[in-house]
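Chemist: Each chain, letter by letter, is given below.
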Amino acid sequence: MSRTVERPARPYLGQMELDDVMRMNTELLAELWILRDRVTVLEHMLEEKKIVDRKALADFVPQGELAQELERERNALVTRVAGAPHAKTYDFETLAKQADIG
Amino acid sequence: MITLKQRGRAGLQFLGSLQHYSSSTLRDQAEADFAAQPEAESLAKEFDSDVGPSVWRERLGRARDVVERSKAYRYNRFYQRWVGEQNYIRAIPATEQRRTEWQAFLAKNKPKDTSRLQLNPELEMPSWYDGVEWHLEPGGWDGYDLTQPMFMAGIGPFVFALGGYAAVDVDCNIRAQRAEVVKQFRKRDLKRIYEPGCGGATTLGVCRQQFPDAELIGGDLSPALLRGGHFMSEMLGLNITFRQEDCTKVAERDNSVDGVISYALHHEMPPAVTEKTLREMFRILTPGGEMVINDPPPFRAVNPLQAVALDWDTDNRAEPYFSAAASINLAKMMREIGFVDVEEYALEKRGYPWVTRGRKPA
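Residue numbers (the working numbering), protein chains in the order written: chain A, 1 to 102; chain B, 1 to 362.
Honestly, the hints are just simulated from the structure, not real lab data.
Ideal Cβ positions, reconstructed from N, Cα and C, are used throughout, including at glycine.
Check before you lean on any hint, since a few could be wrong.
As the list claims (entries may be wrong) - If the Cβ cut is set under 10 Å, some of the chain A residues that face chain B in the computed set are:
id: 1; residue: P11
id: 2; residue: L29
id: 3; residue: I34
Claimed, not checked - Now the in silico label distances, taken between C-beta atoms and shown as ranges:
id: 4; chain 1: B; residue 1: Q6; chain 2: A; residue 2: I51; range: 16 to 24 Å
id: 5; chain 1: B; residue 1: D113; chain 2: A; residue 2: L35; range: 25 to 33 Å
id: 6; chain 1: A; residue 1: V78; chain 2: B; residue 2: Q97; range: 30 to 38 Å
id: 7; chain 1: A; residue 1: E27; chain 2: B; residue 2: D189; range: 33 to 41 Å
id: 8; chain 1: B; residue 1: I89; chain 2: A; residue 2: L77; range: 23 to 31 Å
id: 9; chain 1: B; residue 1: P53; chain 2: A; residue 2: M45; range: 51 to 59 Å
Construct all of the structure, not just a fragment, from the sequences and the given hints.
Modeler: Here it is, written out as C-alpha cells:
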C-alpha cells in the first residue's frame, strides 16, 4: 500500500513557483503562530509561579544596552528579509560585521 | 484520552483558523466575484437542471473558468489543499509523541466484550477501494495505527470541528448535524438499525441516543476504523456490533432490519457500487423499513461556484468518486430499485447535510 501522497501538478496560483513561495510563507506563518502560542503559555505559567508579572512585561521599556541589542537585531532582520530580493552581491567585510548579531 | 504537546496542538489550531478564514472571508469574496461575472446568471440557470455525468463535466469546465477569475477563490483553493495535507503532516508526528500514553489508555480500557467486533481477515478489498489515500491521509484509513487518537485528540477538535471543508459549511455544528440526520427516520420506534460504511461509532452512537433499545450493527471494509468504533462503543456502553464486510454483500438476512442509516458514504464509492449497496439495503430492510442517507449535495442542488468547489475535491483532496457521486440522482436510483415515499432535501444552507430517504413498500 502506498504511503506517499503526491502533490498536484496543476498550480493553484497560476504558476508552480508561486505556489512554492506561498507554501513557504504559510509554513512560516504556522511556525510564527506556534511560537507566539508558546510564549503566551510561557508567560502565563511564569506569572502563575509569580516569576513574571505580565502587566510589567507589557509595560517594560528597554533601555541602554538592551535597547541597543534589540535595535541591532531588528535592523539586521529587516535588512535580511526586506533586502533579500535586492542583494546582488555579498562580500567579506559586510558578512564579518554580522558576527555580533544573534 | 490523550492531549497533544504544545507544538502539535498549536500547529493544528492554526490549521483550523486558516481553514476557517479561507472558507468564510475568502469564500464570501469569491462568491461576490463570481456574482459579478457576466456569465453568472446563465450558468446558475443551467446548473438548476439535472443531466448526465458527461454534460456535468462540460458544464463544470465552463463554470470553473469563470470561478477561477477570482483571486480570492484561487487562494481559497490553495489554503484548502495546504490544510488538507498539513492535517496529517502535523498530526502524525504530534500523535506519535503520545504513542506510549495512548497504548496505556488502550490497555486500561480493554473492551470486555470482544464478540461485538467481527473482523474478516479473508475479506478481499474491492479494487475501487484498495490503495486510495482518502482525504490525503498517507496509506488511507488503514495506513496508520494511531488514526483514532490522531482524529480524536487532533484533527477532529482543532480542524474538522470548525467546518469549512468539502460540503461541510464553516461554523456549522457537525455533531448537531449528525443528530438532525438521524431524526429524519419517520418511524421513531426502530428495533434494528444497520449502517453500511459505518467507519467508527459516531453515527451509530447518535442512533443509540435516539433509539435506546434498538439493536445496532455497523459494517465497514476498514479493520482500523472498526476496531476504533468497537473500542469507543464498549467504553461508552453503546452496545454496537461491528462487522468487517463489503456493503454490497452483507451478512444480514432478508427483511431483517427496519432502519438503515448511511452517513457520508456514497461520495466515497463509484455510482455502480452505490446502486449495488442500495439494492442490498433494500433486500435487508423489512417491509415498511426506511433508509436515510446523508451525503454531499448533488451538483444540481448547489450554485455553480459551490459545484466547482465540490468537483475540486475529486482531484485535490483524494476523493476519487466525489464528482461521479454528485452527478447522479440518488432519489431516482432509489425509486428505480423499489423504494417508495422517496424524498430529498437540504437540512442547512449550501445544501448540506443533503438527505435522501425512502421506504421499502409495506
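Chemist: Give a verdict on every hint.
Modeler: Okay, the hints, checked on the actual structure:
1. P11: 9 Å, holds
2. L29: Since the shortest Cβ distance to chain B is 8 Å, the answer is holds.
3. I34: 5 Å, holds
4. B:Q6 - A:I51: 16 to 24 Å: Between B:Q6 and A:I51, where Cβ atoms are some 19 Å apart, the hint holds.
5. B:D113 - A:L35: 25 to 33 Å: 47 Å, violated
6. A:V78 - B:Q97: 30 to 38 Å: 36 Å Cβ-Cβ, so the 30 to 38 Å window holds.
7. A:E27 - B:D189: 33 to 41 Å: 54 Å, violated
8. B:I89 - A:L77: 23 to 31 Å: 27 Å, holds
9. B:P53 - A:M45: 51 to 59 Å: With a Cβ separation near 57 Å, B:P53 and A:M45 satisfy 51 to 59 Å, so the hint holds.
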